[in-house]
Amino acid sequence: MEPLTWTGSIAFLNPLLAIALVLMTASILAWILASIVLPEPQMTVNPDGTLTSGSGIRNLIQALMRYSFLASVGLAVAYIVLGILMGTSAGIIGAMMQQFLPVWFSLILLYAMSIAFKRKLGLYGKLFDSPIGMIGFGLVMFWVFTGIFGALDLIVTHDSLSQVSGMKNKVPGTPLPSVEDGEYAWYLLGGDNLARDVFSRMVKGAWIVVQIAPLATMFAFMVGITLGLPAGYYGGRLDTLLSFLANLILAFPVILLFYLLVTPEIVATGVPNYMAAVLFIFPIIFLGVLLNSRYYTRPTFRTPLLIGVLGVALWLYLSLISTGGYVVNTDAYGIWGLPTFLDLFDVPAGILVVFVSVVFVNSPTVFRIVRGLAMDIKTRDYVAAAQTRGEGPWYIMLWEILPNARGPLIVDFCLRIGYTTILLGTLGFFGLGLPPESPDWGSTINEGRKLLSVYLHPALPPALALLSLVLGLNLLADGLREESLKD
Amino acid sequence: MGLFILRRVGIMLLTALCLTFLVFYLTNLYPNLEKLAKTQGNFRMSDEQVESFLEKGGYLQSTPVKYGEWLGILPSYRHTNEDGTVQGRCILPGKTAEESPNFCGILQGYWGYSTVFKEEVSTVVGTRLALTGRLMFWVMLLMVPSALILGILAGMKEGSATDRTLSTFAITTTATPEYVSGVIFIAIFTSSAVGLKWFKGTATQAMENPTFENFFLPVLTIALYGMGYIARMTRASMTEVMTAQYIRTARLKGVSFPNIVMKHALRNALIAPFTVIMLQFPWLLNGVVIVETLFNYKGFGWALVQAAGNNDIQLLLAISVVSVFVVLVTQLISDIGYVYLNPRIRIS
Numbered sequence: 001m002e003p004l005t006w007t008g009s010i011a012f013l014n015p016l017l018a019i020a021l022v023l024m025t026a027s028i029l030a031w032i033l034a035s036i037v038l039p040e041p042q043m044t045v046n047p048d049g050t051l052t053s054g055s056g057i058r059n060l061i062q063a064l065m066r067y068s069f070l071a072s073v074g075l076a077v078a079y080i081v082l083g084i085l086m087g088t089s090a091g092i093i094g095a096m097m098q099q100f101l102p103v104w105f106s107l108i109l110l111y112a113m114s115i116a117f118k119r120k121l122g123l124y125g126k127l128f129d130s131p132i133g134m135i136g137f138g139l140v141m142f143w144v145f146t147g148i149f150g151a152l153d154l155i156v157t158h159d160s161l162s163q164v165s166g167m168k169n170k171v172p173g174t175p176l177p178s179v180e181d182g183e184y185a186w187y188l189l190g191g192d193n194l195a196r197d198v199f200s201r202m203v204k205g206a207w208i209v210v211q212i213a214p215l216a217t218m219f220a221f222m223v224g225i226t227l228g229l230p231a232g233y234y235g236g237r238l239d240t241l242l243s244f245l246a247n248l249i250l251a252f253p254v255i256l257l258f259y260l261l262v263t264p265e266i267v268a269t270g271v272p273n274y275m276a277a278v279l280f281i282f283p284i285i286f287l288g289v290l291l292n293s294r295y296y297t298r299p300t301f302r303t304p305l306l307i308g309v310l311g312v313a314l315w316l317y318l319s320l321i322s323t324g325g326y327v328v329n330t331d332a333y334g335i336w337g338l339p340t341f342l343d344l345f346d347v348p349a350g351i352l353v354v355f356v357s358v359v360f361v362n363s364p365t366v367f368r369i370v371r372g373l374a375m376d377i378k379t380r381d382y383v384a385a386a387q388t389r390g391e392g393p394w395y396i397m398l399w400e401i402l403p404n405a406r407g408p409l410i411v412d413f414c415l416r417i418g419y420t421t422i423l424l425g426t427l428g429f430f431g432l433g434l435p436p437e438s439p440d441w442g443s444t445i446n447e448g449r450k451l452l453s454v455y456l457h458p459a460l461p462p463a464l465a466l467l468s469l470v471l472g473l474n475l476l477a478d479g480l481r482e483e484s485l486k487d
Numbered sequence: 488m489g490l491f492i493l494r495r496v497g498i499m500l501l502t503a504l505c506l507t508f509l510v511f512y513l514t515n516l517y518p519n520l521e522k523l524a525k526t527q528g529n530f531r532m533s534d535e536q537v538e539s540f541l542e543k544g545g546y547l548q549s550t551p552v553k554y555g556e557w558l559g560i561l562p563s564y565r566h567t568n569e570d571g572t573v574q575g576r577c578i579l580p581g582k583t584a585e586e587s588p589n590f591c592g593i594l595q596g597y598w599g600y601s602t603v604f605k606e607e608v609s610t611v612v613g614t615r616l617a618l619t620g621r622l623m624f625w626v627m628l629l630m631v632p633s634a635l636i637l638g639i640l641a642g643m644k645e646g647s648a649t650d651r652t653l654s655t656f657a658i659t660t661t662a663t664p665e666y667v668s669g670v671i672f673i674a675i676f677t678s679s680a681v682g683l684k685w686f687k688g689t690a691t692q693a694m695e696n697p698t699f700e701n702f703f704l705p706v707l708t709i710a711l712y713g714m715g716y717i718a719r720m721t722r723a724s725m726t727e728v729m730t731a732q733y734i735r736t737a738r739l740k741g742v743s744f745p746n747i748v749m750k751h752a753l754r755n756a757l758i759a760p761f762t763v764i765m766l767q768f769p770w771l772l773n774g775v776v777i778v779e780t781l782f783n784y785k786g787f788g789w790a791l792v793q794a795a796g797n798n799d800i801q802l803l804l805a806i807s808v809v810s811v812f813v814v815l816v817t818q819l820i821s822d823i824g825y826v827y828l829n830p831r832i833r834i835s
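In order, the protein sequence lines correspond to chains R and S.
Counted the way our numbering counts, the first sequence spans residues 1 to 487.
Counted the way our numbering counts, the second sequence spans residues 488 to 835.
Simulated from the structure, these hints should not be mistaken for lab results.
Pulled from the structure, derived: some chain S residues nowhere near chain R, Cβ distances all over 10 angstroms:
| # | residue |
| --- | --- |
| 1 | Tyr-546 |
| 2 | His-566 |
| 3 | Phe-590 |
| 4 | Ile-636 |
| 5 | Leu-707 |
| 6 | Ala-737 |
| 7 | Val-742 |
Computed cross-link-like contacts, DSS-like style, restricted to lysine-lysine with a CA-CA straight-line distance of at most 30 angstroms:
| # | chain 1 | residue 1 | chain 2 | residue 2 |
| --- | --- | --- | --- | --- |
| 8 | S | Lys-522 | S | Lys-543 |
| 9 | S | Lys-525 | R | Lys-450 |
| 10 | R | Lys-168 | S | Lys-687 |
| 11 | S | Lys-605 | R | Lys-450 |
| 12 | S | Lys-644 | R | Lys-126 |
| 13 | S | Lys-605 | S | Lys-522 |
| 14 | R | Lys-486 | R | Lys-126 |
| 15 | S | Lys-687 | R | Lys-450 |
| 16 | S | Lys-785 | R | Lys-450 |
| 17 | S | Lys-543 | S | Lys-605 |
| 18 | R | Lys-450 | R | Lys-168 |
| 19 | R | Lys-450 | S | Lys-522 |
| 20 | R | Lys-486 | S | Lys-644 |
| 21 | S | Lys-644 | S | Lys-740 |
| 22 | R | Lys-120 | R | Lys-486 |
| 23 | S | Lys-785 | S | Lys-687 |
| 24 | R | Lys-486 | R | Lys-118 |
| 25 | S | Lys-525 | S | Lys-605 |
| 26 | S | Lys-750 | S | Lys-740 |
| 27 | S | Lys-785 | S | Lys-522 |
| 28 | S | Lys-684 | R | Lys-168 |
| 29 | S | Lys-684 | R | Lys-450 |
None of these values were measured; they are calculated from a predicted model.
Beta carbons are placed, not taken as given, at the ideal position from N, Cα and C, and that holds for glycine.
Throw the hints in and build the complete structure from the sequences for me.
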């Protein structure tokens with residue numbers, strides 16, 4: 001087998017792309033300069049009532065920018081399409097594009113459906129009016145689909161843990177020394193210092209982030225909302241106490257907290273299990289109060305609903321916190337949990353402690369945001385109207401204040417998933433929590449950086465992957481903010 | 488005002504007490520003590536040996552008592568060895584039990600002895616903080632002016648070309664954590680694979696002899712992550728000021744655009760970024776830990792990693808006191824500064 005080059009037989013596109021990119025950069029710079037130096041374009045009113053603006057240098061630059069941008073996008077699409085069609089004969093890029101085929105397919109389907117029905121989809125549909133939001137959403141969904149299909153073993157070329165002798169630190173596109181039947185013949189992005197496939201590890205790492213980050217952020221939001229609403233609504237002693245506790249956690253440097261919490265020694269004492277038992281109960285409280293405050297006037301409907309919802313929630317909660325029949329299982333003592341035959345899933349201790357500490361670090365900030373919003377919104381007229389109607393305080397908090405605070409909360413949710421991704425990477429970077437052979441991006445960056453002065457390829461793919469995912473989430477949040485401010 | 492500061496200082500002390508107790512509790516859990524004993528003695532110690540090691544060091548007392556000793560409000564633990572010599576926290580090498588004081592905690596100005604660096608904690612923290620202080624100074628010098636300029640340029644005309652480009656840049660930097668940007672910088676500017684080799688990949692030499700070549704990359708890496716956030720806040724506050732009535736009045740009077748920005752808008756637009764810059768300090772602390780590990784610059788963050796990795800209790804406590812102090816003092820300064828800069832707000 002021949003080693004692959006980066007672009008193979010579609011290398012004729014490279015100079016074209018380079019020209020388009022250079023033109024785009026130059027025109028953007030010229031645009032900025034022009035907007036500072038040149039005067040505003042003069043509008044002239046024609047006798048028939050139409051407007052003409054002087055076609056000066058500004059318009060020229062703008063046209064150049066538009067066309068060079070379109071050319072770059074077109075060329076990028078050409079790389080993808082040719083890559084899908086030609087596969088490995090289009091080099092490493094082509095082979096990767098072909099591997100990502102299910103992702104492209106899902107993205108096109110998602111975008112086609114969303115744009116077709118965007119007027120019926122509320123805030124989500126409005127996202128497709130903002131180019132920034134669309135780019136951000138595309139980046140995020142690319143990694144979400146990559147994570148999901150990667151977990152189904154669709155995209156990966158090799159097992160993320162298996163080592164192939166002779167492939168240690170090999171550059172991207174190196175063929176395997178001996179190919180068995182049905183095995184992919186190249187390491188697309190090279191091998192790392194343990195001779196594992198960098199490309200497959202990057203794809204598998206996406207799954208870890210896609211699993212943990214949104215879920216941990218959601219739990220943090222549940223905790224923050226359940227505590228922040230009463231703190232903001234009631235104020236007084238409760239507010240002082242909760243705010244003090246939140247500031248206490250916020251005053252702690254995050255990394256010091258991680259170093260204290262996410263160690264095998266702390267896992268052995270069972271502290272994370274206690275924290276999990278406390279933190280994960282908030283969603284149940286939230287759900288219970290949410291439904292009860294709305295339907296308590298109709299007990300015949302409320303009681304079965306609450307029993308059903310809380311029953312399922314409690315079952316999930318107990319399966320989440322108990323492992324092997326125990327909630328806490330240390331050498332000295334154990335606390336009984338759900339019996340193993342009822343236990344739906346087991347969370348490995350390493351993952352649980354990571355999850356708990358990320359929720360713990362994020363919830364005080366959410367608490368502060370929710371508290372601020374609640375304090376602002378409780379002075380509104382519709383809250384006064386609800387109070388006059390005689391609604392209970394929890395109804396007002398959860399069904400009057402919370403829906404009206406959703407705009408900033410949704411935006412912050414997107415930003416916070418990005419921040420959680422960064423935190424997970426930090427944990428991996430310091431080798432805390434997750435097992436050392438885990439393919440998550442932080443750990444692979446940490447492993448790759450040690451040989452960075454000689455081999456770039458093990459560290460750069462996970463770094464760029466993390467960068468693009470977080471960037472996508474930030475752009476998505478920006479687009480959502482812009483669109484939600486429009487009404 | 489005096490009462491306000493007094494109250495804040497009181498809360499600060501209470502927070503510091505709570506947090507140090509938390510650190511104390513977590514580091515004194517038995518598995519952590521076992522790890523400490525094994526790193527101090529040897530890794531093949533039996534359970535009995537670990538027990539007797541901890542007994543000698545006074546680690547097996549109850550946590551509140553040990554915490555009291557550390558604070559200096561309880562007399563410190565002494566252990567009489569079989570040969571009659573007495574050892575204890577207060578008895579420094581070369582002193583006898585009679586010469587040493589009974590109380591030695593932070594109230595007496597004694598921060599303890601670092602088991603990793605084999606030095607007094609106060610000297611360790613002092614030297615490491617000085618190194619990190621130098622790093623932070625240059626970070627601030629690079630970050631604050633460039634972030635403010637970026638934000639003001641972007642916020643001058645909302646929606647203009649400059650605004651779009653600079654905002655995209657700001658979003659990209661906030662999306663790039665230090666361990667990503669640091670790795671990319673090292674890859675591009677220092678590795679032999681790319682071949683530029685403009686800078687050094689480690690900052691170890693910068694501890695004695697900081698030069699542009701070995702110190703610029705760590706500074707840039709930290710500054711870039713914080714810069715985007717400050718720039719976005721500055722932009723937001725600048726766009727708000729630029730739509731204010733008095734700016735429109737000035738424009739209609741015929742004041743030139745540069746004059747409006749410099750004389751009318753800038754002062755009011757810089758109130759909000761001031762608080763943001765102050766509140767960035769805790770975040771910079773995180774960045775410092777990552778960057779010092781990445782570039783092997785043996786400062787405060789590096790010491791934190793060493794202390795936490797080896798369960799060096801006294802050093803960890805000192806480090807958490809210092810970092811909590813930094814966080815709370817910057818919060819206090821930002822509150823006072825906000826009142827001072829914005830005459831519309833008065834603390835009653």
